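Mind docking these for me? Both chains are given alone in their own frames, and the hints should help you get the complex.
If you read the protein sequences in the order shown, they are chains V and D. If you read the first sequence in the working numbering, its first letter stands for residue 67, the second for the next number, and so on. If you read the second sequence in the working numbering, its first letter stands for residue 1116, the second for the next number, and so on.
I should point out that these hints are in silico values taken from the structure, not numbers from a laboratory. In this text the structure is predicted, and so the values were computed from the model without any measurement. Backbone N, C-alpha and C fix where the C-beta goes; we use that ideal spot for every residue, glycine too. Hints may contain errors.
Unchecked claim - With a cut-off of at most 30 Å between alpha-carbon atoms, the simulated DSSO-like pairs for lysine-lysine come out as follows:
id : chain 1 : residue 1 : chain 2 : residue 2
1  : V       : K134      : D       : K1155
2  : D       : K1167     : D       : K1151
3  : D       : K1134     : D       : K1151
4  : D       : K1137     : D       : K1156
5  : D       : K1133     : D       : K1167
6  : V       : K134      : D       : K1156
7  : D       : K1134     : D       : K1156
8  : V       : K119      : D       : K1156
9  : D       : K1137     : D       : K1155
10 : V       : K134      : V       : K121
11 : V       : K121      : D       : K1156
12 : V       : K120      : D       : K1156
13 : D       : K1133     : D       : K1156
14 : V       : K120      : D       : K1151
15 : V       : K134      : V       : K120
16 : V       : K119      : V       : K134
17 : D       : K1151     : V       : K134
As the list claims (entries may be wrong) - Stretch-level coverage of chain D by chain V, calculated; a stretch enters the list once three of its residues show a Cβ under 8 Å from a Cβ in chain V:
id : segment
18 : 1154-1168
19 : 1199-1212
20 : 1215-1225
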Amino acid sequence: KNEVEQSPQNLTAQEGEFITINCSYSVGISALHWLQQHPGGGIVSLFMLSSGKKKHGRLIATINIQEKHSSLHITASHPRDSAVYICAVTETSGSRLTFGEGTQLTVNP
Amino acid sequence: ETGVTQTPRHLVMGMTNKKSLKCEQHLGHNAMYWYKQSAKKPLELMFVYNFKEQTENNSVPSRFSPECPNSSHLFLHLHTLQPEDSALYLCASSRGPPDTQYFGPGTRLTVL
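In isolation and in its complexed conformation, chain D is listed as follows (with noise of 0.2 Å):
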């Protein structure tokens, strides 16, 4: 199943960049998350957006920004990471709460 897409597939980046990671769905879903995982760690909720309204935010810190314009495409905007934001963050989609996720390939970061 390949019904969410996520770009850049891998990004390398510094401390003082601004960046943004894409994640589309095509699945015709109503609710989509953003996962951080960290090596060696379980996957993470960072957060949950169903019908474009943020209903979940795992207390993440403010340089990273989500953005739903609609149900179909969730963006998480990056600045001034750490390096210890380097991670794969994936985004997920299903029909909306606690449904099956279908998850996208994910972004492998990397924070230098």
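For reference, chain V alone in the conformation it holds in the complex (with noise of 0.2 Å):
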């Protein structure tokens, strides 16, 4: 079992929709991270957080430490939110991030 679990793997909406991507990890963590990673490969830091929420233009990240669960949402979806959203914490043991295997989404017009 991956110490970090993301569901949905795939997801598909239509434009304007609100989406949740959930992510649960299983050890003791100093940050979750939210990256956004497009076809072709580039990778982009969403957000960093260690309590509470963030929020940054449509998308919200929350994370709950007690229940060990982040969620990421995207307000009014666009085609050109499609792509892998991978959720990573930093244990508190180090300094290397654990990964989860990410999200696919497809936001279609």
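Structure representation (structure tokens):
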């Protein structure tokens, strides 16, 4: 069992829909990261959070430390949001990032 | 953000070749990372350097040899690779672990 689990693995939505991607982890962490990977491989860090909630434009990330769970929400989704969204955690034991398998999001016009 | 560059972007090599991947960051960061991304698998951390010193080696085979001459440059020297080493190799940097990491575009490696 992976230390970082994401759901769903694949998600297809219509433009304008509200999207939620979930991440659960089983280790102690100092931070949780949400990353976006577009076709071709480039990765962009969206959020790093250790508590509460962060918002950037149409993206919102929340984390519940007690439940070891985080969600990434996209409001008013758009086809350009189509990408793989990856959850990763920095374990308290060191500096390494442990990654989830990613969620492939496709937003249709 | 294109503060992290990687060259080459694509590389095809035979199993007996020796090649090197290069990563350069222009962000003034102190930590640099090598990751491997194989098809349909999560990203895997390979190496971490902090202030030019290697702080993580995630049980990587010795046919991968990293080099970090200064905080801005990171190399991955490759020799006698196997076809299963074909993958996307990503470099990243951060102010220091565990800060937000900034990724390069990656090198798509194919080993024949």
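Hint by hint, here is what the structure shows:
no.: 1; hint: K134/V <-> K1155/D; result: holds (25 Å)
no.: 2; hint: K1167/D <-> K1151/D; result: holds (20 Å)
no.: 3; hint: K1134/D <-> K1151/D; result: holds (16 Å)
no.: 4; hint: K1137/D <-> K1156/D; result: holds (23 Å)
no.: 5; hint: K1133/D <-> K1167/D; result: holds (23 Å)
no.: 6; hint: K134/V <-> K1156/D; result: holds (22 Å)
no.: 7; hint: K1134/D <-> K1156/D; result: holds (24 Å)
no.: 8; hint: K119/V <-> K1156/D; result: holds (28 Å)
no.: 9; hint: K1137/D <-> K1155/D; result: holds (25 Å)
no.: 10; hint: K134/V <-> K121/V; result: holds (19 Å)
no.: 11; hint: K121/V <-> K1156/D; result: holds (29 Å)
no.: 12; hint: K120/V <-> K1156/D; result: holds (28 Å)
no.: 13; hint: K1133/D <-> K1156/D; result: holds (26 Å)
no.: 14; hint: K120/V <-> K1151/D; result: holds (29 Å)
no.: 15; hint: K134/V <-> K120/V; result: holds (17 Å)
no.: 16; hint: K119/V <-> K134/V; result: holds (14 Å)
no.: 17; hint: K1151/D <-> K134/V; result: holds (26 Å)
no.: 18; hint: 1154-1168; result: holds (count 7)
no.: 19; hint: 1199-1212; result: holds (count 4)
no.: 20; hint: 1215-1225; result: holds (count 7)
In terms of the numbered hints stated before, the structure departs from none.
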